[in-house]
Amino acid sequence: MKTCMTVFRHELQKILQDKKLLAAMIVMPLMIVFMTTFLTRPVTETPSSGTPRIYALGNALEALETEGFEIVPAEEESIEELTGSGKLRDGDAALQLKDGAAVIYYNEADTGSSALAETCRQLLRSRALAEYAAVHGVPFEGLTAEEDLSPRKDGRSAIISFLLPYMLVLLLFQSSSSYAIDTIAGEKERGVFSTLLLTPHRPGSLICGKLLACTLFGIFSCVTYMLILVLSAVITGVDSYGLMSARVSSGTLAMLALCALLLSNLFATVAVMISLHARTEKEARTLQMPVYGLTLVLSVLAMFRAGTLSALHYAVPVYNISVLIQDLLSSGADAGHALITLISLAVCTALLFAVTVLCFRREKIRC
Amino acid sequence: MITMKNLKKDFDKGRVHAVADVSFEIADNEIFALLGPNGAGKTTTMRMLSTLLAPTAGEIEYDGMPAKGNEQAVKSRIGFLTNEIRLDGQFSPNQSAEYFGRLYGMEKEQIGKNRKELFDYFGITEFADRKYETFSTGMKQKASVAICMIHDPQVVIFDEPTNGLDVLTQRLIEDYILQLKEKGKCVIISTHLLDVVERLADRAGVIIDGKSVFCGTCGEMLEAEKAATLSDAFVSLYTKHHREEPAIAGKPAGRSGLFRGRKA
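Those sequence lines, one after another, are chains A and B.
Counting along the first sequence from 1, when you hit position 131 you're at 131 in our numbering, and nothing is skipped either side.
Start counting at 1 in the second sequence, then tack on 1000, and there's your number in our numbering.
Excised from the complex, chain A in its bound form:
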């Protein structure tokens, strides 16, 4: 363990000393965020010019124009119809008075829409609306206001649960494997790796230190990416992934972190194994290509899954974690499936590591 930590610390020092590597770690997510923001802006941002509107579904309320907002009667009886009509903008809200209850539809990611929702709440609380409804013969009796997350918000959550697993898989693979290739195949090519193997330690503990560094590098890149994503959403106001509207509990966050850790560890182990078998960095990158392709296919397949998945699906590495992340973000995760996913990943990683060490013992790996 001491050896492993010594190698790990040395690798960390190497990462921190490598300014180009650190810059790449920041530049890559910046580029992705920039492109995503740029490309998704027309889709996610409905022009919200003009006065913010509260649509009164089913013509429940009369038109009212006041300072800061206006109430617009809408013929549509349900929020689905209203959304389908294309009238509802990101900055608007809708109010449905039905069967003696009120439902507010709004877009929490939009500050204007959130403000309108608050106005609706005040209207409901003031009793004025109840009186108004009574005068106009609208079936509205109480002040019970039921807030609902608007369907548009669900759509945003869907974007994050749809795209994030793919982006995470991509980032973790790229960062942990590129570092592993450099630190093992690159060092073999440069003659540095043999120096390490000459020290009086088992190859397993030396590789373990490198593996930890690769895993951590993957996690670093991932965290950097998420931070840049959040910062960009806050600064530009364009929340391409619906990050700001996604409600993630601390438990879900912890599970997501665990998923990222295991996935990064798996990718790092695969890359370490490949790098150890390759004689040069170039050879390692070539050998890595089919694995990269397979990883992409698995994560894309997870994006477009159809129907309910069996427990067996959750035993397929990469695919399972992409599905689990989707489930976690859409609050549909099953504890059993999560357990199968985590166990299968851990077992797969441990097996790969054991095979790598075994290859070393049998001199399948030449340095």
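Read the hints as simulated data drawn from the structure, not as lab findings.
Given the structure is predicted, the values throughout are model-derived calculations rather than measurements.
Careful: at least some of the hints might be erroneous.
Here are the in silico distance ranges between beta carbons for each label pair [claimed, not checked]:
| id | chain 1 | residue 1 | chain 2 | residue 2 | range |
| --- | --- | --- | --- | --- | --- |
| 1 | B | Asn1006 | A | Lys282 | 37 to 47 Å |
| 2 | A | Ala24 | B | Thr1137 | 29 to 39 Å |
| 3 | B | Gln1179 | A | Cys359 | 34 to 44 Å |
| 4 | A | Met5 | B | Asn1070 | 20 to 30 Å |
Here are the simulated EDC-like pairs of lysine to aspartate or glutamate, each with C-alpha atoms no more than 20 Å apart in a straight line [what the hints assert, rightly or not]:
| id | chain 1 | residue 1 | chain 2 | residue 2 |
| --- | --- | --- | --- | --- |
| 5 | B | Lys1131 | A | Asp18 |
| 6 | B | Lys1185 | B | Glu1030 |
| 7 | A | Lys14 | B | Asp1129 |
A virtual CB, placed ideally from N, CA and C, is assigned to each residue, including glycine.
We have chain A; now place chain B onto it with these hints.
Chain B alone, transformed into the frame defined by chain A:
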């Protein structure tokens, strides 16, 4: 004392014989030169000595202790430097010394003491905080020797230690090798420079086509081959023992020689 008995090393499931039959005994307080043409099996033999490779057959013993099964103990008492082994260019000699010192289980004070001694001797103290990649060839070699000796090993194995170096650096390293002998260390060097062998080596072992064909002093080699120079003696040995064999079909003849790897 190092004993090598009938060492054999095959690669590719026995299809390639890198070392066929090598036997030498090397005493402490001795400089032993390993000679042979390119691809004869010198580097493979040295890799087996350092336990980086396990012999297919044969035995290696360090003071009676078999290397097989005691790899960690062997590694802790040897310092191994080849042309192919380098330091991480991103780190300075100071950082590398600290890192390898820790990996050899040394205390901080001991690392500091050994580092100062070695860096002062090789004249790299001034550059000890500069990145290794910024060094000249000679400086890199001096730094590599210093780092490889940081744990003060009893057995020192140098593969072509003075290759491509200027006369001054060459002399510095040669003097260092002589000092190691005076300290009672066992030094094994592999070189193609026969004048270096004459100057440094107490005894020399010749490997041709993976087999040890001679072991003795330079004088004994001259006498046995009835040659005037070491170069003549070496050529005579080579002519006598080399079997003409093609390089393995479908395989490169080796990085730097024709006979690296012999067909089974």
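Hint check:
A hinted range of 37 to 47 Å for the beta carbons of B/Asn1006 and A/Lys282 is consistent with their spacing of about 39 Å. For the pair A/Ala24 and B/Thr1137, the supplied restraint of 29 to 39 Å holds, since their beta-carbon distance comes to about 30 Å. Distance hint check: the CB atoms of B/Gln1179 and A/Cys359 are about 40 Å apart, consistent with the given range 34 to 44 Å. Hint check: A/Met5 to B/Asn1070, Cβ distance near 25 Å, so the stated range 20 to 30 Å holds.
At roughly 12 Å between alpha-carbon atoms, B/Lys1131 and A/Asp18 fall within 20 Å of each other, so this suggested pair holds. The hinted pair formed by B/Lys1185 and B/Glu1030 meets the criterion: a straight-line CA distance of about 7 Å does not exceed 20 Å. Taking the CA atoms of A/Lys14 and B/Asp1129, the gap is about 15 Å. The hint holds against a cut of 20 Å.
Checked against the numbered hints listed earlier, the structure breaks none of them; every hint is satisfied.
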